[in-house]
Amino acid sequence: MSKWCLILAVAIAMTLPSRAADNLKLNEHLDYSSDSHDGPLITGDHLEDGAASGKPTYVIIYGEGCFNSKRQARRTVELYEKYKDRVQFVVVDMDKPRSAAQEDLVKRFYKGYIPHVTVLNRDGKIAYNASGEVEEKEISKVLDKTLK
Numbered sequence: 001m002s003k004w005c006l007i008l009a010v011a012i013a014m015t016l017p018s019r020a021a022d023n024l025k026l027n028e029h030l031d032y033s034s035d036s037h038d039g040p041l042i043t044g045d046h047l048e049d050g051a052a053s054g055k056p057t058y059v060i061i062y063g064e065g066c067f068n069s070k071r072q073a074r075r076t077v078e079l080y081e082k083y084k085d086r087v088q089f090v091v092v093d094m095d096k097p098r099s100a101a102q103e104d105l106v107k108r109f110y111k112g113y114i115p116h117v118t119v120l121n122r123d124g125k126i127a128y129n130a131s132g133e134v135e136e137k138e139i140s141k142v143l144d145k146t147l148k
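At position 26 of the sequence shown (counting the first as 1) the number is 26 in our numbering, and the numbers step up by one without a gap.
Don't read these hints as lab results, they were simulated from the structure.
Incorrect hints may appear among the rest.
[What the hints assert, rightly or not] In silico PhoX-like links for lysine-lysine, alpha-carbon gap of 20 Å or less:
| # | residue 1 | residue 2 |
| --- | --- | --- |
| 1 | K137 | K96 |
| 2 | K84 | K148 |
| 3 | K145 | K82 |
| 4 | K96 | K125 |
| 5 | K145 | K55 |
| 6 | K148 | K125 |
| 7 | K82 | K141 |
| 8 | K25 | K107 |
| 9 | K141 | K125 |
| 10 | K55 | K96 |
| 11 | K107 | K96 |
| 12 | K145 | K84 |
| 13 | K55 | K84 |
| 14 | K125 | K107 |
| 15 | K82 | K137 |
Given the structure is predicted, the values throughout are model-derived calculations rather than measurements.
Given the sequences, and given the hints that come with them, work out the whole structure.
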């Protein structure tokens, strides 16, 4: 690829609107008392998309058969309702094929344990990155800080 083609491709990519997951809904049939496979924990539009700079990003990486992931998914949808216009949300279901953008996030942040939550600031730098459940109140503080 010539230098000019590469410059043009980058310019086009930078002008395209960045999307992230939208219209997030919690699976109504989740059994929070067991590690049963109840299907995708979160459904919505553009779930295959990854993070883009310019807005803070909340990333959840989960497995469908994990009761801890089910509880974190419920918190994620509650956070989505609170922050959807100001924070982009990325959902990575480890039990489904992943897009290249999702695979990149898994390689960069996932530590092998689910659920895993990462929050990136507007510049794509880590504001929070940990495995295990995290309370909505704690993540809200992190998200509020990234919005300042």
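Hint-by-hint comparison with the structure:
no. : hint         : in the structure
1   : K137 to K96  : violated, 29 Å
2   : K84 to K148  : holds, 16 Å
3   : K145 to K82  : holds, 15 Å
4   : K96 to K125  : violated, 26 Å
5   : K145 to K55  : holds, 12 Å
6   : K148 to K125 : holds, 14 Å
7   : K82 to K141  : holds, 12 Å
8   : K25 to K107  : violated, 26 Å
9   : K141 to K125 : holds, 16 Å
10  : K55 to K96   : violated, 26 Å
11  : K107 to K96  : holds, 16 Å
12  : K145 to K84  : holds, 16 Å
13  : K55 to K84   : holds, 11 Å
14  : K125 to K107 : holds, 15 Å
15  : K82 to K137  : holds, 12 Å
Checked against the numbered hints above, the structure breaks hints 1, 4, 8 and 10 and satisfies the rest.
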